[in-house]
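Novice: Top line first, the protein sequences correspond to chains S and P.
End of the first sequence = 505 in the numbering used here, gap-free, step of one.
End of the second sequence = 422 in the numbering used here, gap-free, step of one.
Careful, some of the hints might be misleading.
What the hints assert, rightly or not - Dumping the calculated DSS-like pairs for lysine-lysine here, alpha-carbon to alpha-carbon at most 25 Å:
| hint | chain 1 | residue 1 | chain 2 | residue 2 |
| --- | --- | --- | --- | --- |
| 1 | S | K500 | P | K264 |
| 2 | P | K389 | S | K184 |
| 3 | S | K334 | P | K416 |
| 4 | S | K328 | P | K416 |
| 5 | S | K248 | P | K416 |
| 6 | P | K416 | S | K184 |
| 7 | P | K414 | S | K334 |
| 8 | P | K414 | S | K351 |
| 9 | S | K184 | P | K309 |
| 10 | P | K389 | S | K248 |
| 11 | P | K414 | S | K328 |
| 12 | S | K226 | P | K310 |
| 13 | S | K248 | P | K280 |
| 14 | P | K325 | S | K489 |
To be verified - Stretch by stretch, here's where chain S covers chain P in the computed footprint (C-beta under 8 Å, at least three residues):
| hint | stretch |
| --- | --- |
| 15 | 318-325 |
| 16 | 375-388 |
| 17 | 405-411 |
Keep in mind that the hints were calculated from the coordinates and are not lab data.
Even glycine gets a Cβ: it sits at the ideal position worked out from N, Cα and C.
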Amino acid sequence: MITSSEIKTLCAQAPDFDDIACGLNATKKAPKGMVAETRKVVAIARKFKQEVMQPYTLELDRRMQQDPEHLPWEFVQKANQWGFYSMWIPKSFGGQGYNIPSLSYFLEETASECLALANLIGVHYLAITSIFSTWNIGVISRLCGFVREGEKNNKPCLLSTAITEPNAGTDVEECELVDKGNITCIATKVSGGYVINGTKVFISNGHVSQWHIVIAYADARKPSENVVILAVQNGTRGFSFGRKEHKMGVKGCPASELIFKECFVPDDLVLADPEQHRKAKRAAKETGARFLDYTLAASRAGVSAFGTGAARGAYESALAFALKTEVDGKLLVNHEWAQSMLAEMYKNAALARLSYAEANHANGMYGLFSLLQIKPLYYYFKYLPMAIVDKWIVPFMRLPVATWLFQKLYLDGKKPEAFRRIAGWGSLAKFTGTDAGVKNCHMAVELMGQAGLRQDHKVEKMLRDAKLLQIYEGTNQLNRLNLFKCIAAGQHPQVKVFEYE
Amino acid sequence: MIAQNEPAVVTVTQTSYSSTDSVVPPATKTKEGSAPQKAAAKTGADNQGGDKELKMMAKAANEFALKQLAPNREENDKYPFGPYFADVVQKAFELDFFHIMLPEALNGMNLGISALSTVLESICREDSSLGGIIFTTVAAQEILRQAGADPALQRICDSQKAREFLIGLPVFNNPGEVRHLAQARWAAGQCTLSGRIEYMVLGGTAKQALVPVQTPGAAGFSYALVNMEEKGVRKSEPILSLGLHACPAVDVDFDGAKALPIGQEGQGGFYFDKMADRMHAAAAAMSVGQMKGSFREALDYAKKREQGGHAIINWSEVKMILANMAIKITNAEMILEKACQAADAQTPRWEAQSRAAALMIQEMACDVTTDGIQVLGGVGYMKDFGQEKRFRDAKHTQALLGIAPAKKIKFMNEML
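Bound-form chain S, shown alone:
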């Protein structure tokens, strides 16, 4: 009926079978242990939600409205005690080594209760993702070591990622735009390191983080070819915190201004710069694009999980209200129109979840953590005692050969299709999940009427919180364009994206 050659040819036609079947392809390769592990993560998240978050969510939001300068150290401390800041750091870097897709389920669970608190944990992993995107194994290993140390010493060590600048938001999220953007955060090469000058704004978790992963540029005339990624610790001379933004929602998670004035960063804290990749067989711009694609493909799946959590939280609150409130003489939940609205909300959350799951499958197959999901490696690290990891693996990771090996595998060895696929699914999941979150919060407030307006009934807070998700990690408009770039630009030469009309 059909030859194998025909199958190959026909499945490569648009849409490429491998683009639309990431989950199907991944399932046969994924270690079975991931399922049990993810189930455990969900249970841990629910326990944490019930014991720690639920008594605290509304109180924190109220307190932040009263005193916007408050910082939620007490929660950060708790999350640290529960081990959440090292839970998804690979064992080979000293972390607990839970599989990365399970982080999304954890974020959905926690976000269904409070997006601010979920961000206080999840945003740390955006920074972890951004350092891994450089594959500078020595620096990554050191930074992860600080996180683990902070957990042992009960002194939380969080990382933040600093990308957005006062006059460049969307521009710095897209390689095709950054060269035309108004870039002002510059890292100048000096003997022994770099000197940063400039300001970063809206940096989530800034004020509660000890390390900041700063994406700066060595040359403002051509930022795309001059990406410099540096780790800056609190207390470094020339670095200071500016204002803490007063936001509509997600109030418990600070959005910070980071100010750099002649801030010197030594070479051993430089994760990436043009010099490190001078000999690579690709354009310098392509290296910067790969950093971004790796980071955003993973982090946008996480933001989608936040959106899914918001969508689910809104549904659950609306359902609880409908189960106990009479409208026109009978329980709201027994009005057909209300059942239909609730079903629609459930569907929105379910589809949002599928979108981040598929993005995670793409990342597991082609992205940042693909190595960790290869069965032998997964089980090897899962059951390897930490003592052996500490004695042999961690020291190996700090050798230059480790960086050489991983950069060969991940920066040189990956095909453009891999980046197109993970970036496309990351963007799709981001705007699908976050649009669902906002939509459901709107619906919940509508369904609850007067009760939905009150902070003490929570859904109004969910709506305020959810709106941020459509803006950060690239606006949903940018993500739609990025998806289109990934699905169409390579196949149709006449397609031009991010070009001024």
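Mind docking chain P on chain S? Use the hints.
Specialist: Chain P in isolation, oriented as in the chain S frame:
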């Protein structure tokens, strides 16, 4: 500001929705009839005079919004964690913004819903909290008038201070749908209240409130007017809410508080519906104001902010968002204008038109103010601009007079 000789009706070509734009329908003929009808009739009785009065109202409201509301919008929004803007409310009172629909006998201006809508739209473009205060008080006045409680209203209208003039009302609930009712022992001339009323708007700031109550002798609910300083009235702290922060609400517990029965026992639903017929158009006007404010802020920002080396207004994706906002606003203007005209003239099915206008325009306002934040990106999410407040206020406003989907079902039921 609107000059006296400028046309009062905004045409679709004026799409900047600046503070000078306002929907002021031309005065129309009205029928003689009930008290509200007589109030509305003033615009019809003297077309030229009515138009002139409307223009003056529009001018006064615009100036007031720009001078008194816009500069302190973020500060006023901090309530209950910041001071209440009592001085601003007093100034609005002195400008007769609360008297628009009252008859002259009650010191009112005897104007129709068009005039009220004009004022609400202008005010809500800058800060909807004051709009909420006006809306609540006028809604309570309407119920009192529908119930024929003019003597009680007369006593309130003799007040010279805003606080004594304002009337609390749980204006985000239709007590006929969700029966949040206090209990009352009904007797001619006085009743005694017990139980709890949730989310009594202005309950903590107005001297009196109109309370929906259940009486033992009637299936339907009734209304009672209570002095909020009366013994047996216990008010909660101001409720932290989504929007309209400076239009505060409280939960109220009654324990033997004396109150004045309003209208006939068991007829509260009738009074509420009559009030709601007219006030839906006023609620729609609030939403139109929020939309216009959001669009103006978004457009101003889009002209200044650059992306990829060009002002973002020149990127077609942003232009499309703005276009969709503008199209919705232009449609909302037309719908509101028609609804106000119909309500004032009491043309056939004006009640349905008023309600339909509100349901449609409130949804549009939620969409437009959501996009209004999006155009500004991260900046729009911050307290420094008015966008995030308009987003919250628009959603809050959608809940006026009851649960939004339930209002749609009611609309359909009325047609059957």
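Novice: Measure nothing beyond the straight line between the CA atoms of K334/S and K416/P; if it is 25 Å or shorter, mark the hint as holding.
Specialist: holds, 15 Å
Novice: For a C-alpha distance cap of 25 Å, please report whether K325/P and K489/S respect it.
Specialist: holds, 20 Å
Novice: Compare the distance between the alpha carbons of K414/P and K328/S with 25 Å, and conclude whether the hinted pair is satisfied.
Specialist: It holds: about 21 Å lies between the C-alpha atoms, which stays within 25 Å.
Novice: Next pair to validate is K184/S with K309/P; report whether the Cα-Cα distance is within 25 Å.
Specialist: holds, 17 Å
Novice: For the stretch 318-325 of chain P, does the count of residues with a C-beta closer than 8 Å to a C-beta of chain S reach 3?
Specialist: The restraint on the stretch 318-325 of chain P holds, since 5 of its residues have a Cβ under 8 Å from chain S and three suffice.
Novice: Please verify whether K500/S and K264/P have alpha carbons no more than 25 Å apart.
Specialist: The given pair, whose Cα atoms are some 73 Å apart, is violated under the 25 Å limit.
Novice: Taking 25 Å as the top limit, are the C-alpha atoms of K389/P and K184/S close enough?
Specialist: At roughly 29 Å apart (the allowed maximum being 25 Å), K184/S and K389/P break the hint.
Novice: Between K248/S and K280/P, does the CA-CA distance stay at or below 25 Å?
Specialist: Violated. K248/S to K280/P sits at ~49 Å, over the 25 Å cutoff.
Novice: For the stretch 405-411 of chain P, count the residues whose Cβ lies under 8 Å from any Cβ of chain S; is that count three or more?
Specialist: Since 5 is at least three, the answer is holds.
Novice: Mind checking the alpha carbons of K248/S and K416/P for me, to see if they're no more than 25 Å apart?
Specialist: Violated, because 46 Å separates the two Cα atoms, which is more than 25 Å.
Novice: Just to be careful, I want the Cα atoms of K414/P and K334/S compared with a cutoff of 25 Å; is the pair within it?
Specialist: holds, 17 Å
Novice: With a cut-off of 25 Å on the C-alpha distance, tell me whether K416/P and K184/S pass.
Specialist: violated, 54 Å
Violated hints, in rising order: 1, 2, 5, 6 and 13; the structure is consistent with all others.
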